[in-house]
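*Asks:* So the chains spell out like this:
2 protein chains.
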Amino acid sequence: MTRTDELCINTLRFLAVDAVEKAGSGHPGLPLGAAPITYVLWDRFLRHNPENPSWANRDRFVLSAGHGSALLYALLHTTGYDLPLEELKQFRQWGSRTPGHPEYGLTPGVEATTGPLGQGFAMGVGMAMAERYLSRYFNRHAFPIVDHHTYALVSDGDLMEGVSHEAASLAGHLGLGKLICLYDDNDISIEGSTDITFTEDVGARFEAYEWHVRHVADAHDLDAIAEAVREARAEFDRPSLIIIRSHIGYGSPKQDMASAHGEPLGPEAARATKEKLGWPAEPAFHIPDEARAHFGRAIERGRKREAEWREMLRAYREEYPELADGFEAMTEGRLPEGWEAAIPSFEQVDKPVATRSASGEILNGLAASLPNLIGGSADLAPSNKTHLAGYDDFGTGTGRNLRFGVREFATCAILNGMALHGGIIPYGATFLVFSDYMRPAIRLAGLMKAHSILIFSHDSIAVGEDGPTHQPVEQTMTLRMIPNLTVLRPADANETAACWKIAIRAEGPVALLLSRQKLPVLQPDRYPVESGVPRGGYVLKETETGKPDIVLIGTGSEVHLALDAAATLEARGIAARVVSLPSWEVFDRQTPEYKASVLPAEIPRLAIEAGVTLGWERYTGSRDAVVGLEGFGTSAPGGIVYAELGFNVRTVVDKATKIARG
Amino acid sequence: MTRTDELCINTLRFLAVDAVEKAGSGHPGLPLGAAPITYVLWDRFLRHNPENPSWANRDRFVLSAGHGSALLYALLHTTGYDLPLEELKQFRQWGSRTPGHPEYGLTPGVEATTGPLGQGFAMGVGMAMAERYLSRYFNRHAFPIVDHHTYALVSDGDLMEGVSHEAASLAGHLGLGKLICLYDDNDISIEGSTDITFTEDVGARFEAYEWHVRHVADAHDLDAIAEAVREARAEFDRPSLIIIRSHIGYGSPKQDMASAHGEPLGPEAARATKEKLGWPAEPAFHIPDEARAHFGRAIERGRKREAEWREMLRAYREEYPELADGFEAMTEGRLPEGWEAAIPSFEQVDKPVATRSASGEILNGLAASLPNLIGGSADLAPSNKTHLAGYDDFGTGTGRNLRFGVREFATCAILNGMALHGGIIPYGATFLVFSDYMRPAIRLAGLMKAHSILIFSHDSIAVGEDGPTHQPVEQTMTLRMIPNLTVLRPADANETAACWKIAIRAEGPVALLLSRQKLPVLQPDRYPVESGVPRGGYVLKETETGKPDIVLIGTGSEVHLALDAAATLEARGIAARVVSLPSWEVFDRQTPEYKASVLPAEIPRLAIEAGVTLGWERYTGSRDAVVGLEGFGTSAPGGIVYAELGFNVRTVVDKATKIARG
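So the sequences go chain by chain: A and B.
Going by this note's numbering, the first residue of the first sequence is number 1, and it counts up by one from there.
Going by this note's numbering, the first residue of the second sequence is number 1001, and it counts up by one from there.
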C-alpha cells in the first residue's frame, strides 16, 4: 500500500467516522473495515463519470450493506459527485441528501436504495441481467455500446438473508460473468460474532451455485484485492464472489466488536482511532490535499471515458441509426410512437375471458412494439400467462422470457435492479397470495419509484380448490397501503387493456391483479371503459333516471356481481349506479369535482370486493356497507367458495336494499 | 421391493390419482413419484400412533411440498387415522377434511399447513428445535421422554425458496441431528425441467451448511432409501438431507413432464397409468386387502409404542413428579398458576420508558415463571430487548436464547414449527418494518392459529435517523389485516405488561408493536390500564363533564399526543375524551354495548396513529378525521421526523377543533 493509498483510505474512513460523530448516530464499523475494499475498486476499476451519474454505460456499484452509507457518501464526495462536504456534515439530518441509508433518486451516484439486507445484492443481479440483455440487443461488431460491470459490496447480513440465496442461485444459473460481489467478511453481526449463528461455508455455498469464488485474506492487501477483481473480470461465464477478510471498526478501540457496528465511536474512541491510524484529531472532515488530488483524478478519467464512449455511439449511429435511436429512447425511458396500437381490444362479448388470459394476449401484443419489455414468472408462467410466444428464454441470444424459478422475493428485487439500471421495462409474476413473499422488495420499489411491473394472477378466493394457502384475502388491500405503488384490479379484458396502458406509462411500481376465473367482457360501446379506467374509478353503469338511490362500488370480478345486483335492484324499484374502481391510487389523484361526480356525497354506497373489508370504509364510511371477507377462504370449487362466502346477488341485493331504504 | 411393498405403494399412488380425478383438480405428479419415499419412511421408521395424533413424543412428518396433499391423505387413511375413505372421495370439496393443501387443525395427523413453498421445511427445523429444547429440559438418565425425529418431504420448489436457505443454514449451525429431510428430486417444476432455472448443486450447498447429505439414485430402491434414513438417524450432530432421484408422474403418460404436476391426468391417462403399473382400472379408490392389512399394522405398532412411552412416563413421574407435571402442563398448553405475578408493574411515573425496554423487563420476568418461553431475535436482540439474562444460548444445555441471525422469514416459520410441536411458547423479534420479510409465515401462523409471539420494536417513523427503509408506515395496519393475528400496540410500560398477558394467553399468533423511543408511564392509579387493555380499547381519560365534544383515539406512542392535545383542547373549551386502542382485534370481540360506551355513535372522533391513514376510517368514518401518514418517512432525528410529519399537538388540536365545531 502506498502512502497515497493509505491517505485516501483513511480519508474515507474518517469522513465516515466524523459524519457519524456529528450526527450522533450511524454505522462507523463498516467504513473503517471496508474502506480499503471500496477504495481499490473505485480507484482502480470502477468506470464511472462523477459529472454524469446517469451515463448509460457506467459500471454500477451497489452498497448492499446500506448501513455503511457514510462510506459511500465519502466516496461520492471525494471522487467529484455533486455532493458537497456540507452534505456529509448534515449526515442523517432533515432535508439533507445524506440519509441514514442510501436512497436512490435523492443522492447523485447512489444506484439503489439499500439497508433492508439482501436486496442490494439481488438488485445487483438484476442490473447485471439488464446489462446482458441490452448488450445482446444493441451491441454490434466493434461497437460494445453496452458493456459494463456491476459491483456490489455485501455483508454477512446480506448473505444470511434468504433473498441472497434466491438471487445467487439464479445468477449462477445464468452465468452472469459481469457481476462481481465483494464480500466484507468481518465475522461480526449485531448480536456478536457470526460464530453464534452463521457458520456455513459461504464460499462453498456459492461454488454450489456455480459462482467463481476467490478469497482475500486481508482487506489491507490492496494488490490481492485488485488481483481478485482482475480475475473476476476475466471470468466471463460465472459471477464472482470475492470473500475479503476484514475487521469491523478497524483501528478503533471497538475493532472486531459488535458495538462498532451501529453507533458512533464517541469522541474519545474517535480520537483514539485517528491517533492509531496516524490521522490528525482536528479538523473533522479533513481531506489532505494529496488525497483530494488523487481521488479527483476520477473526474478527468470519467470525462474521458464517457467521451470515448460517446464517440463510439456517434460512429454506431452512423452505421446503425435505428438501433442508436432505439438505444437512446430506451435508456431515456421514452416509449416508441404508437406503442399502444399493439394492445388488442376485446369485442367478442359472448366469450368470457379471465383477465389473466387477456393480460397474456396484451403482453404478447406489447412485446412486439416494446423490445425492452422483458420478464417472466416465478415458476408460474402457464398460470400467470406471462410467456412471450416466439421469444427465447433469457440468456439465449436476445431471449426475453425470464425463468425466475420459485423465488418470488428475488423476482421483485431483480425487477427493481433492472428498472434502476434503465433501458428495460421489466415485469414479473406470481399468484397474488404470494405477493407476500416479495413484499419487502415491492416496498423498496415504492420507495425508489422503480418502474417494476408485477403481475399477480389468481386474485381472490375464486381460486377455489387450492384452498386458503392459495387464496388471497388481505393482499389487495395491503398492497394499496404501500406508498407509491399503483394497484390495478381490472374487471374484464378491456379494463385489463386499459390498465396495461397505465402500467407501461407509470413512473413507479405497478401491481396488476388478475382473475384466474373467466369473466364476462364489458362491451366497449356500452360501457365507458376506455375513458373511465385512466381515471382510476368511473361510472360504469348509470341508473335510468340518473338519480341513484345507491352506488355499488366494485373492483375486478366483483364488478360483474355489482352489475347483476343492480339489475335485480332496479326490478325492485331501487336505482343503483355501478362504479368500477380498478385503481384507488389513480382515482385519488383526480379532481375533487370528478370524484364527487362519481361518488356523490349524499348517495349511500355499498362496496363489493372479495377481500378483507377493512379499508373499504374509506369509501363507504362504514364496515356494514361492504360485502367482503373477515377471514380466510376455504378449499372447494371456486364458484362454490365465492358464493358461499357471500359473493352472490342475493347477499348484495339484501345489503343494498337495507342501505338504500336506510 | 416385495410384492406387498409394491401393492402398498401403488395403493397410495392410486388413492391420490383417483382423488384428484374425482375432484377434477389437484396434483397427481408428486404422489406418483414420491409414494415409495413416504412409504418406506412411514412403514419402516415413523413412530406415530394413528389413534392418538397428539401423542407428545410422536415423530413429526411435514409434507413441505403441500401440493402432494392427496398422498398424505392416502397415508393417513391407510395407516388408520380418523380419515375415512369417504373424505378422500371428497378431496377439495366444500366442508371436507381433505383440502387442496394440508391444513393443520382440520385433518388429524396433519402436522403443519403447507403449500406456500419452503415454509414446511422451515417449520420442520422449528419442530426439531422444540424437540431439542424439551428433551434437554425434561430427559433424565434412562428417561428419554422427549426423543423423536422430525421428517420432512421437500421438493425442488421448497429448496428454491429463500426461506430454505435461512432455515437450513441455522439448522446446520445448530447441528439438529434429529432433523431428516427427504428431497423428492424430480427435476421438474411448473414451467418445465429444473434445467431452465435451478441448476445449483443442492447437495454441495447443504454440505456448505454443515448438513449430512446422502444420495439415493432411484426412488424405487426402497432399501437404499432405508439405508440412507438409517444413516441419517445415526448421525447425531448434523441434520440430514437425503436426495432421492424420482420421476414426477411416475408410470403415467406424463411422466417426467411438468404437465404431471398440477392437473388431473384425465380418465384416459389415469387408466393407462393403472394399466402400466398393474392396477385394476376399477373400482376407483381401490385398496387391496393385503395392502390394507399391511398398512393397518401401524395401528397396533403405534398403540404399543405409545403404551411403552406412557409406561416410561409413569415411572418418570414417580422419580421426578414435578418435572412430570411440568411436562404435562406444557404439552397440554396449560400455564403454571400465578405466572402473571412475574410481570412487573411500572409505577415510577417520572421516568419515561420505551415500550421495547419495558417488554424486555417483562420478558425476563416471565422467563422465570415460564420455563418453556424461549426465543430471540433476528440479529437485533440488543435493539429488540429480547435477551433473557442469565440464560445460555439455545444449543448449550437448556439455553433459551435463540440467535436467529439476519433471517426474519425463517425466524417466524421456525416459531410456527415450535408452536405446532407443542410444549413451547416461542417468541421472535425484528424491527416492525422488517415484519414484511416474515409476512408469509405470519399469514400461515394466522391460518394455523399457531401461538407464535412476534416482537416488533421500532414501530414508527420516530425511529428517526435510519430513515425510510427502517421506518414502518404501512406495517401496523397491514398486520391488522391478517386474519387470526392479534396485533397489540401498547402506549406505555404498563400497557405493555397488560399486552404481554394477552400475548401469553392467546390461542393464535400475536404481534407486539413496541416503541424505540422512550414514552411517559401511565400512572396505574390514574389510568385504568389494567382493566382496559384486556378489552382491546378503553376510555383512558374521560372529560370532566363526562360529555365529550370529541373522542381522540390513539395507539402506542400517539396516545400521549392525544392526552396532550386533550389538555390543550380543554383549555380551549373543547371536551375531548381519550381512547387508547392497543388492539383492534380484541376490541372487536367486545359486546356492542361496551364498544358503544367507549366510542358513542353520536360523538365525532379523531384518530391519531403514526402509520397510514387507510383503514382508520373504520373508526372515524372519514379520512379527514385521521392524523396519519400518506407516504414514506425520512431520515432525521426521530423527534424532528415525528413532529414535521404532523405528530404534534398543534396539528391534532387544529384538526380536532375543526371536527368538534364541525
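There's no promise every hint is true.
No farther apart than 25 Å at their CA atoms in a straight line, the calculated lysine-lysine pairs in the DSS-like style are these [as the list claims (entries may be wrong)]:
1. B/K1595 to A/K655
2. B/K1595 to B/K1547
3. A/K22 to B/K1518
4. A/K658 to B/K1518
5. A/K658 to A/K351
6. A/K518 to B/K1658
7. B/K1658 to A/K595
These are calculated hints, taken from the structure and not from any lab test.
*Asks:* With reference to the structure, classify each hint as holding or not holding.
*Replies:* Against the structure, the hints come out as follows:
1. Straight-line distance between C-alpha atoms of B/K1595 and A/K655 comes to about 23 Å, which keeps the hinted pair within the 25 Å bound.
2. Simply put, B/K1595 and B/K1547 have alpha-carbon atoms about 17 Å apart, close enough for the 25 Å limit, and the pair holds.
3. Pair hint A/K22 plus B/K1518 holds up; C-alpha atoms about 22 Å apart against a cutoff of 25 Å.
4. Restraint check for A/K658 and B/K1518: not satisfied, since their Cα atoms lie roughly 48 Å apart, outside the 25 Å limit.
5. For a cut-off of 25 Å, the pair hint linking A/K658 to A/K351 is broken: about 34 Å separates their Cα positions.
6. Proximity of A/K518 to B/K1658 is assessed by CA-CA distance (about 48 Å); at most 25 Å being required, the pair is judged violated.
7. Restraint check for B/K1658 and A/K595: satisfied, since their Cα atoms lie roughly 23 Å apart, inside the 25 Å limit.
In terms of the numbered hints stated before, the structure departs from hints 4, 5 and 6, listed from lowest to highest.
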